[in-house]
Each structure stands twice: as structure tokens, then as C-alpha cells.
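A.B. asks: Quick note, the sequences are listed as chains A and B, same order. Heads up: the first sequence begins at 57 in this note's numbering, then just goes up one per residue. Heads up: the second sequence begins at 2 in this note's numbering, then just goes up one per residue.
Don't take each hint at face value.
With a straight-line cut-off of 30 Å between C-alpha atoms, the simulated DSS-like cross-links for lysine-lysine are [said to hold, decoys possible]:
1. A/Lys97 with B/Lys231
2. B/Lys231 with B/Lys179
3. A/Lys112 with A/Lys100
4. B/Lys231 with A/Lys144
5. B/Lys231 with A/Lys112
6. B/Lys231 with A/Lys100
7. A/Lys156 with A/Lys112
Calculated directly from the structure, the hints in this document are not laboratory data.
Single-letter residue listing:
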Amino acid sequence: MKRLVLAFTLIIAPAITPALADALLFVAPAFADAPIEVHLKNHKFSPSVIKVKANKPSMIILYNDDDGADEFDSSSLKIERVVPGHAKANIRVRALAPGKYPFMGEFHAATAQGVVIAE
Amino acid sequence: MISALIIVFREVIEAGLIVGIVLAATTGVPGRERAVASGVVAGILGACLVAGFAGELANLFQGSGQEFFNATILLLAVAMLTWHNVWMASHGREMARELKAAGHQVRTGERTLTALSIVVGVAVLREGSEVVLFLYGIAAQGGTSATGMVAGGGLGLLGGAAVSALMYFGLLKVPAGKLFQVTSGLITLLAAGMAAQAVIFLQNGGLLEFFTDTVWDTSWLIRDDSITGKLLHTLIGYSQAPNGAQLLAYGATVLLILVLMRLVNAPAAGAKHA
Chain A
57 MKRLVLAFTL IIAPAITPAL ADALLFVAPA FADAPIEVHL KNHKFSPSVI KVKANKPSMI
117 ILYNDDDGAD EFDSSSLKIE RVVPGHAKAN IRVRALAPGK YPFMGEFHAA TAQGVVIAE
Chain B
2 MISALIIVFR EVIEAGLIVG IVLAATTGVP GRERAVASGV VAGILGACLV AGFAGELANL
62 FQGSGQEFFN ATILLLAVAM LTWHNVWMAS HGREMARELK AAGHQVRTGE RTLTALSIVV
122 GVAVLREGSE VVLFLYGIAA QGGTSATGMV AGGGLGLLGG AAVSALMYFG LLKVPAGKLF
182 QVTSGLITLL AAGMAAQAVI FLQNGGLLEF FTDTVWDTSW LIRDDSITGK LLHTLIGYSQ
242 APNGAQLLAY GATVLLILVL MRLVNAPAAG AKHA
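Kindly produce the complete structure, drawing on both the sequences and the hints.
C.D. replies: See below:
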């Protein structure tokens, strides 16, 4: 698992812009089984669009790179998870029917928005 | 600051509703103000503690500490609410009689008061720890002035208190003879909703991963994240898309409480509860 994460990091490391990192994540469905790393910085999720395989549980590792806490909150995912500043959280996502599942950082909902897409 | 106001208000509503119901359910019981107040104070202290150790807490149980902690305190509240209802079913009438004979019933009353005090404490703890983390976050960032934060937080708190008062005085409109029946019913649904929520936390923690399929979806009608949805979630455990395990926990809790109430009340005539 760690090696996979490392490999993943190495692949996206050359990608300088976050947009490119997002794009790479989109075209890499093979990673749907590995934990998906998501960063929260300046109250924005990156990537903010997370693709997972439908009907399979997945795991999001959320790194809160901000100083303050935030709450990963999604009523459609049934997840409420407080993540203190500069901490990480392992967030289990249940097996999802195909569809879109929006989530937000409740403490900064104006900017911290994202969506899980199960397909 | 408007964001502080909204967040604090949203978090405080849930605890406020529960406090209102508990106050109504303990109408006429001596010492209830102290019980509720100590529940609130203990909840706030606990909330600060939980907020302070949020990172450490989350890291327990392979990163599922927060989920298991929430599930545990919710189930504790469910147990306390069940106990209160069952106790009321067996002593309620007796208590109402003896209360008129000035304070004779205090000791018996205190037993269930402690249970309800714990319920209040748990409600305040759960919502409060988020409020503390949120406010601490804005304070640490320095984006908002301290005055703005205090004002927003204070107004949010007042709003929550108003909801609590509305619930309480609304319930007091219920005729005295029916009041305990109504609060018993409310507490049963409150407990069932908490049990269903506890199941979700356990599932998010990697336990009880069965019956996870959504049974129905009423998000087109009332969304969980709307104010109505939040209120109904607290009061009757509304969920826009409940899964099988949630419904099972909900039904089992209602059934368990009703059966227990029936059992302790069996010698008395014609106990009926809807």
C-alpha cells in the first residue's frame, strides 16, 4: 500500500500545477483501490473531484494542510469527520451506487467543496 | 461574523432541542435545573477536552477513533434515554402523586435526572467540540476580529437557546395529564434516531458493514443538510437515504423501549403507548 502511494506521489510529482495533478488522477482509474489522497489547503480540496469504483468501498486519506480544523461533511456519503489542522484522517467511503456525492468542509463551506463520483 | 453565527447556531440547535425535551420531561422534578446545568457544563468541558485532543482521538483504532468515540457516547445516551423512559413507565404516576407531597420523591427523581443529565452532557459534548474547533480555527487564522467571533458565536448560542426554550414552552402547552406520554414518545424517537446515527459511525469506522444499501431516498423532499432536515434528524432521526442497518437499529430501539415500558408497567391497568 505504502509503495503504491509512493509510486503515485512520484508520478504526480512532476506535475507542477494542481490542475495537471487532477487530470492525472482522472485518467488513472487503477488507483481507485488504493487510498485516495486528498489535501485541504487554503480551505480548498485538491483534488476536488474524486473518482471511485461503483459498488466497492474506498478510502480517502484527507490531509488538512491548513492551520485550523475542518469537518469533512457529506450527507449523501453519510460522513461527518472532524480533521484538526495539520492532521490527516482516514475516511472510509462505503460501496456507492453509481452517481455523484458532493462533500464539503463544513467550517469553510464557501470554498471547501468537492464531489465523489462513483462509476 | 456571520459564518461563526451560522455554524454555532447549527451545532447548538441539536443540543438545544434535547435540553428542551429533557426539561419538559422533568417538569416538576426538584433539582432538574441543577441536573441540566451540570450536564451542559460537563458537556462544554468535555467538548474542550475532545477538541484539544481531536488529533490523538482520531488516531486511535487505526484512524477510526473519532467514529468509535461518537458511536460510544451516542449509545450511552440511548441507554440513558431508555432507562429514563422505562423508569417513567414504572414510577411516573407514583412520582406525580408524591410530588404534591413536597419533595418526598427527590431521591428517586435524582436517579433518572442523572441519566438525563448525561444525555444533555453528551449532546453538548458532540456539538460543542465542533464549535470549539471551528472557533479556535478562526481565532488561530486571525481573519476575523475577536469581537466579531464572540458576537457571532454568542448570537448563535442565543439562537440555540431560543430553540431550546421554544421546544420546552411548546411542550408545556401539552395538557399536564398527557405531558409525560408525549415526552416519553419524543424520547423514544430521540433514542432511536441516536441508535441509527451510532450505526452510521460504526460503519464509517469499519464495523457492522452489512445492510449498507440505501433502502429509500427522500432527499427530493427534505435534504439532510437543510435546517428542516437537521431538526427532524435530531428529533426523530430523519435521514434522507437510510440504509438497512440504520432502519434496523431504529426499529429495534423503538421496539426495545416499548417492550420494556410495557413490561415494567404490566401490573398497572391499560398501559398504552403509541
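A.B. asks: Are there hints from earlier that the structure breaks, and if so, what are their numbers?
C.D. replies: none
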